[in-house]
Amino acid sequence: MSAQGWDTGRPEPGAEPEPGAVLRMRGVSRVHGRGAAEVHALRTVDLAVQPGEFVAVMGPSGSGKSTLLTLAGGLDSASSGQVVVEGTDLGALSRKALAAVRRRSIGYVFQDFNLIPALTAAENVSLPRELDGLSGRRARAEALAALAEIGIGELADRFPDEMSGGQQQRVAIARALIGDRRLVLADEPTGALDSATGESVLAVLRNRCDAGAAAVMVTHEARHAGWADRVVFLRDGRLVDETAPLAAESLLSGAAAGSDPSSEGTS
Amino acid sequence: MSIRHGLLALLEQGPRYGYQLRTEFEARTGATWPLNVGQVYTTLGRLERDGLVRPDGEDGEGHVFYAITEPGREELRAWFVSPVRRDNPPRDELAIKLAMAVTVAGVDVAAVIQRQRVHTVRALQDYTRLKARALAATEAPFTEAPLAADGGGPDRGPDRDSQDLAWLLVLDQLIFQAEAEVRWLDHCETRLVRHAARLAARPARPEPAAAAPAAPAAAEQAAQVTPRGSRKR
Numbered sequence: 001m002s003a004q005g006w007d008t009g010r011p012e013p014g015a016e017p018e019p020g021a022v023l024r025m026r027g028v029s030r031v032h033g034r035g036a037a038e039v040h041a042l043r044t045v046d047l048a049v050q051p052g053e054f055v056a057v058m059g060p061s062g063s064g065k066s067t068l069l070t071l072a073g074g075l076d077s078a079s080s081g082q083v084v085v086e087g088t089d090l091g092a093l094s095r096k097a098l099a100a101v102r103r104r105s106i107g108y109v110f111q112d113f114n115l116i117p118a119l120t121a122a123e124n125v126s127l128p129r130e131l132d133g134l135s136g137r138r139a140r141a142e143a144l145a146a147l148a149e150i151g152i153g154e155l156a157d158r159f160p161d162e163m164s165g166g167q168q169q170r171v172a173i174a175r176a177l178i179g180d181r182r183l184v185l186a187d188e189p190t191g192a193l194d195s196a197t198g199e200s201v202l203a204v205l206r207n208r209c210d211a212g213a214a215a216v217m218v219t220h221e222a223r224h225a226g227w228a229d230r231v232v233f234l235r236d237g238r239l240v241d242e243t244a245p246l247a248a249e250s251l252l253s254g255a256a257a258g259s260d261p262s263s264e265g266t267s
Numbered sequence: 001m002s003i004r005h006g007l008l009a010l011l012e013q014g015p016r017y018g019y020q021l022r023t024e025f026e027a028r029t030g031a032t033w034p035l036n037v038g039q040v041y042t043t044l045g046r047l048e049r050d051g052l053v054r055p056d057g058e059d060g061e062g063h064v065f066y067a068i069t070e071p072g073r074e075e076l077r078a079w080f081v082s083p084v085r086r087d088n089p090p091r092d093e094l095a096i097k098l099a100m101a102v103t104v105a106g107v108d109v110a111a112v113i114q115r116q117r118v119h120t121v122r123a124l125q126d127y128t129r130l131k132a133r134a135l136a137a138t139e140a141p142f143t144e145a146p147l148a149a150d151g152g153g154p155d156r157g158p159d160r161d162s163q164d165l166a167w168l169l170v171l172d173q174l175i176f177q178a179e180a181e182v183r184w185l186d187h188c189e190t191r192l193v194r195h196a197a198r199l200a201a202r203p204a205r206p207e208p209a210a211a212a213p214a215a216p217a218a219a220e221q222a223a224q225v226t227p228r229g230s231r232k233r
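So the protein lines, in turn, are chains H and A.
Residues in the first sequence are numbered from 1 upward in steps of one, following the numbering used here.
Residues in the second sequence are numbered from 1 upward in steps of one, following the numbering used here.
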């Protein structure tokens, strides 16, 4: 159940035209202001995220991390280039159509959880589905299933202020992935949590990706980026580098002796 | 790394033979620091010479058992109560490399840093993957013990749990160290940028004799100004 995506390896990113990419950014730039005051927040960024892939974006502050995320989520529009989510070019959509894609295909997870305080966990999670036109009962059933899937079914009827930060963030992840949504955009999702709680939230995100979701997470902490399949580095608005796919064999060769019986028999 | 004390700690739990010690050491540290059986026997030899362990008979298969002695226990206790000393830090190749890189002409230090950063972050991904597996294994309901054959000694239940915990702690340490390295690299980069900016801001060719006293003089002025300012408040 856990970490399987890591074990099996996925199709090599960039090897094929990848028709199945959940998110594809092509030559995306974002310029704020004009003339002398022109600021290039993002410069011709290319990025494709496959189903099941967890991508972390690292870079110093001001490198364009948040801009990348807001463009990927259709919260802002590119000055040039294309942002395609589940095959739909966001730039070609009307306002209304864009809002629908945002609601149906994209989930957000923020540092400060952003749950609606007057709604229970289940209501928070089912809200996007009700907005999609689902009946309250079906939306609730889906929400309960989503909460159970990430191991917090028992919190369904709690209000945000009755939950710990880690629990709230899990609810936010459930909300981000309810329905057919497969793309999670996370902005420093563990920023407000202590290190052990943050870790368990990242493990949930990891599991959701192993189950087929795609995630893009902005973080300035390398330890959190460690949960990703691929880490890309932004600098002055450009993608300057990325980590190679992990090999099946760990760097600590013969490591995980605790769970690898084969290390017993050697020598 | 103190194999000596590691072996004493294992022997504290009861007599063991060499191969068993190696297996148990690696079960706790996940083979992060692989031990070969030769090292184990060499170390046992020294421990015996120092009176910290003694031979404790053989089993039917010819395994020579060793047991900890009272002085051995004392040595072990002393190890646990004293901190691991930081006054002789092990040589760090990366620190040495960067220290050299900034002094050797023609080295692109920023590129050295970036290459290392990508490598270390990838190592972090690797360690984190191991950790996710270890966590999944510890949280999974009791399955068949993955430690096969003559794995972990007679009392497997709680022993197994503490071995898993030990391995998780070692992985966490690798992860936090790698993270610290990345943060240090970020910091180095910032420092380099500042340094370059300071060099650029300097007058074109400062006369060494004239430029040198200027700075202390300014510092003195600053030092005089600050106390006066703070007295007013």
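FYI, nobody ran anything at the bench for these hints, they're computed from the structure.
One should not assume that every hint holds.
[What the hints assert, rightly or not] Partial chain H-side listing against chain A, Cβ under 8 Å, derived: (1) S79; (2) G81; (3) Q82; (4) R104; (5) L144; (6) E154; (7) A203; (8) R206; (9) A222; (10) A225; (11) W227; (12) V231.
Note that the Cβ used here is the ideal one computed from N, Cα and C, for glycine as well.
Hint by hint, here is what the structure shows:
1. S79: Check failed: Cβ of H/S79 comes no nearer than 27 Å to chain A, outside 8 Å.
2. G81: violated, 25 Å
3. Q82: violated, 27 Å
4. R104: violated, 30 Å
5. L144: violated, 23 Å
6. E154: Violated, because the Cβ-Cβ distance from H/E154 to chain A comes to roughly 17 Å (cut-off 8 Å).
7. A203: holds, 6 Å
8. R206: holds, 6 Å
9. A222: Given a least distance of 4 Å, the restraint on H/A222 holds.
10. A225: holds, 6 Å
11. W227: holds, 5 Å
12. V231: Cβ of H/V231 sits 5 Å from chain A, so the hint holds.
When the structure is compared with the earlier hints, violations turn up for hints 1, 2, 3, 4, 5, 6 and for no others.
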